[in-house]
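*Asks:* Let's have the full structure, built from the sequences with the hints guiding it.
Number of protein chains: 4
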Amino acid sequence: MMIVMRTNATQREIKNVIDRVQTYGAQAHLSSGEERTVIGVVGDVRAMPRDEFIRMDGVDRVIPISRPYKLTSREFHPWNTEVRLDGVVFGGPQVVVIAGPCSVEDRAQLLETAHAVREAGAHALRGGAFKPRTSPYTFQGLGEEGLELLAEARAETGLAVVTEAMSPEQVPLVARYADMIQIGARNMQNYALLNAVGASQHPALLKRGLSATVEELLMAAEYILSHGNNNVVLCERGIRTFETATRNTTDINAIPVLKSLTHLPVILDPSHSTGHWEYVEAIARAGIAAGADGLIVEVHAHPEEALSDGGQSLKPERFAALVRQVAAIADAVGRSLAPAKAAVSG
Amino acid sequence: MMIVMRTNATQREIKNVIDRVQTYGAQAHLSSGEERTVIGVVGDVRAMPRDEFIRMDGVDRVIPISRPYKLTSREFHPWNTEVRLDGVVFGGPQVVVIAGPCSVEDRAQLLETAHAVREAGAHALRGGAFKPRTSPYTFQGLGEEGLELLAEARAETGLAVVTEAMSPEQVPLVARYADMIQIGARNMQNYALLNAVGASQHPALLKRGLSATVEELLMAAEYILSHGNNNVVLCERGIRTFETATRNTTDINAIPVLKSLTHLPVILDPSHSTGHWEYVEAIARAGIAAGADGLIVEVHAHPEEALSDGGQSLKPERFAALVRQVAAIADAVGRSLAPAKAAVSG
Amino acid sequence: MMIVMRTNATQREIKNVIDRVQTYGAQAHLSSGEERTVIGVVGDVRAMPRDEFIRMDGVDRVIPISRPYKLTSREFHPWNTEVRLDGVVFGGPQVVVIAGPCSVEDRAQLLETAHAVREAGAHALRGGAFKPRTSPYTFQGLGEEGLELLAEARAETGLAVVTEAMSPEQVPLVARYADMIQIGARNMQNYALLNAVGASQHPALLKRGLSATVEELLMAAEYILSHGNNNVVLCERGIRTFETATRNTTDINAIPVLKSLTHLPVILDPSHSTGHWEYVEAIARAGIAAGADGLIVEVHAHPEEALSDGGQSLKPERFAALVRQVAAIADAVGRSLAPAKAAVSG
Amino acid sequence: MMIVMRTNATQREIKNVIDRVQTYGAQAHLSSGEERTVIGVVGDVRAMPRDEFIRMDGVDRVIPISRPYKLTSREFHPWNTEVRLDGVVFGGPQVVVIAGPCSVEDRAQLLETAHAVREAGAHALRGGAFKPRTSPYTFQGLGEEGLELLAEARAETGLAVVTEAMSPEQVPLVARYADMIQIGARNMQNYALLNAVGASQHPALLKRGLSATVEELLMAAEYILSHGNNNVVLCERGIRTFETATRNTTDINAIPVLKSLTHLPVILDPSHSTGHWEYVEAIARAGIAAGADGLIVEVHAHPEEALSDGGQSLKPERFAALVRQVAAIADAVGRSLAPAKAAVSG
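Residue numbers (the numbering used here), protein chains in the order written: chain L, 527 to 872; chain B, 527 to 872; chain Y, 527 to 872; chain H, 527 to 872.
Because the hints were derived from the structure by calculation, they are not lab data.
Errors might be hidden in some of the hints.
Subject to a maximum C-alpha distance of 20 angstroms in a straight line, what follows is the list of computed EDC-like cross-link-like pairs (lysine to aspartate or glutamate) [claimed, not checked]:
no., chain 1, residue 1, chain 2, residue 2
1, B, 841, L, 583
2, H, 841, Y, 586
3, B, 841, L, 586
4, Y, 841, Y, 831
5, B, 841, L, 578
6, H, 841, Y, 583
One side only, chain H facing chain B, incomplete, derived with CB under 7 angstroms [claimed, not checked]:
no., residue
7, 528
8, 559
9, 564
10, 601
11, 768
Chain H residues, not near chain Y, derived (Cβ > 10 angstroms throughout) [stated by the list, open to error]:
no., residue
12, 552
13, 561
14, 618
15, 620
16, 635
17, 789
18, 843
19, 865
From a predicted model like this one, the values you see are computed outputs, not experimental measurements.
Even glycine gets a Cβ: it sits at the ideal position worked out from N, Cα and C.
*Replies:* And the structure:
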């Protein structure tokens, strides 16, 4: 922590800050320049409320030096974490693809889509049973019935299942049916939910909030890891900016930034990060080219009939083309696509 | 809903769209210009998934015409809603001030601050018992003990109590102690929480998410109102932008925009919307000048010792100055400050 | 300047940084914490390229401590600068209002509007002769003919004239006709233009770019002041954010922030910062309440016929109401509206 | 153009709008729903000021339907435009790379870097002679001397030269030395400059403003094309958002969006769009994977000594690695890297 004094700070004000630092058992290192003095604080800074120093007379700014996250940081854990999910590995040399509909709508729709994405090369199935919707007047999901349908789709296709929990009390239920619990973008800072998922020790897919910084995403992951649950995959899904040509702005920079700051696997959701199916393939390729460990893609057998997000869902044949393109990009960056799941024999 | 066709759309594509519109029992009105055709859809648009039309061949864009919220809209409810709270009225001719610490930290701190804000002219007391914190390593609130302290402060001062619930299961507990349940910015789209607060019929303070649009804020309020609970006060508390000189950017425009779009009361939180105590007075004045129905301000008897948000908290004497300034501005815009709460006689 | 080393930086890497600092004749002050070392650099930092240190092995970040602007800074010039304009003073105790049409369109329109705003209490007349327009197909301004009409309006009404120059070669021409040269938001970082206006020694109105930070605005002003021209008034005119309910987002926080960082006068443009005439009055009041030294407002005698910005222009009678409200707010904050210009006797 | 009436608009107000539409010789098509009436306007909308209708009584909103750009639109020019530059083709099947230092600093630096990037496979040389700098106290470029050095580098290496003009009067000078005139991000809406470059008929590289929408970028290009100059290459170089982990946010979505909206070539500048050399390779790969026609990359033989942007410049050996990676990605998307320039025989 660096305490920057005002240019007109008095010697007495400087001394008061030093004294206060020392009451915490920390040391104060002075750098006195022509314009101003900067006081470096050495010691256990986490116990010192930064606001306390901001409020002292003569203080201009307080600059944190340590990063606020520890367990998620690559500085203290340099090697990659691999998150394993029923034969699927996130964060290893191979690239993984999760695919499926935005919402679980009915049995026929889900099974048709599940079979189609498995045949196209997907490794896991996504589909929402509990849906966070902007409007109270739109489809809110099938709830537990949706979870049962997902379990049936897993039994039929062998695909691992990824689905969202929206509140702490849903966590045990979702954990019973799903291989991986998704925490949606709107809930990235729902701390009660983060704690519940952390305590469950279940693999988690943590989506970045649409206006969360990279640092805030890592702090949200820190909540889960603080329960001893390291099975966390991070997901860039687009941020909110002034640009309206697409639903969100894919923060492609976040892929290499996250890979350098944390040991956790990082995937991209090109469906939400663009909001238009026409752009999903291009951005999926870009994600893998930038170093993402995988993708999560919305696919619907009949997107024009989807109850949610039809505009950004791929039809199965376009998804199959996407998987082929992603495999080519993975090869070009010295990785490969994880092998397709074998059909479940009847 | 307007369906804009591509410039090169064929007659057959146009006909397909019209047919689809009619299957919903709606009517299609054509405007064929030199460049392109636009199809106006008249009928119960809420039953028609917009995405369905976006996916049809020849369609360029689909533009919604109706606003997605109804119960919160001033179009269908032109007169102001007043939310009443133990003698305090939000949304009437008088301006109301809520004040208190960010967190309830201990009995002495809370009572000292509560008495100070009452004497300065505040009408209600704020203070968090459950705290959403970015870092798992910082103070997370006193929980129910904090609620008990708030109840004690109310008994001593006569101030109504406003405090936050962070998850659906906390709602009954918080409702037992608080006059008004706050839904924090991070939880603005926590739909399980919105539904629980709606069902409770308890007065609610709904804070705008830091990257939520005005329309999304109104949609979140719609969740609460859809339970028949109209006791909702909206709160602008700053949005996230590129500017880093302040913690957030006060969207002062949102005050007159919300007052024109909705009948619900609107207040401003100048503490969070600036993040620096030096700017709180100026922005509090601006809020009332722009038409806000009240303020919620962080005040701490000893901000340099606060466990959270000390940098943006006012000391009681500065808060007293703020109240005097706000009263002058209220007069200048033809309103007045609500009368101060009388001291509770011992 | 603070050089933050990586947690795993070697002693050799730290020594290399210290040696490099010393080659500039500066001193390096070490703070070695448990996790990492921070090197404070004391000396003439402006001669040291920050990028040089960022590139050195073992360096994590370089944090500037000094503010990059000097002449505009209140730290080195604590008292307010007053900019004087033919009897109108910006930055003094009184509040000043500039008003007029977006563009000068024709003689009748301009004179009618000029007389109307003078009668309503405006102190200066705005109006564009050279217009920056997003589309090449829209009205681009009358050019020098517009300047002549502005001069005529000044002669008739006694109002000072504020109008925009868009390129360095227009500066002498505009300076001949105008009392104050406006640098528009799109040109805030047009350095050739800033230098030309600086060299002209003419009073300047510098509008904040729609995505410029407060610091960048002050750096742009620094270009003008570096020519010895201190006659600069800063103008907040809204920034670009994700919110689309208004054309721009008024950064009301910028008013007190600028007033604390710089000695230059600061005014607000509520017409551009909202983009809707219905919201202009509320935001004008908010600006003065927040401490602005004045306003610049778009007024058009017949806004429904305006060639540009009709949607945000006030009619004269609404402008007159605005001036009365602003006067009341100015009184409430201990200032007053500057006295109206007397009619020019014929 | 669609004119949306308020829910409570009267028949008389609707009639007034229709009458006004007809005074322009256009037709009004009514869609009257349960809640409100929408009036579609058919005819030459470009002659009708949209603001005029916004101001009419009973009008809620006016929604434009036609895109405001024509010459740049793929709707009216479906095939790709190729921009040719001394043997280098932008917008064809092959991918092109421009590389070089941020600024031309001196002869030795420029020639060393130019030879290095040619050997690594670059097709054109970038380097600024006129530099837009945030601070008046930093290096502002060598001016014409820099242009002469660029010409010398071209003669020595055979690389085409791309360099920036900052004001209209610099255009003839820059055109004399450069194969392509760059219009920088800060000048994207400097209309005098756009007009001068358009009139020059010289090939232009138009960089997106850091807060410009895709539509505004296309409108800026429209200024150049309106002079009959179609030799325009568009460049995404990062936008300004709330995220501070990188200098800007690469709007990777803009690549496929632009490729679908316009026939002009589109390239990416991963140096400015990230601001950190460590991320440049990943984002360069992403750009080509997303469909960009080329890249412009900052390379400096000795970035730790650069007078500007050293922190984001690649060393020649890293640039060579980047070119190899980009070639692999180009192959993976069915394109190829343009062949390297042969050495100029001495």
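*Asks:* Could you work out which earlier hints the structure fails to respect and list their numbers in ascending sequence?
*Replies:* Every hint satisfied by this model.
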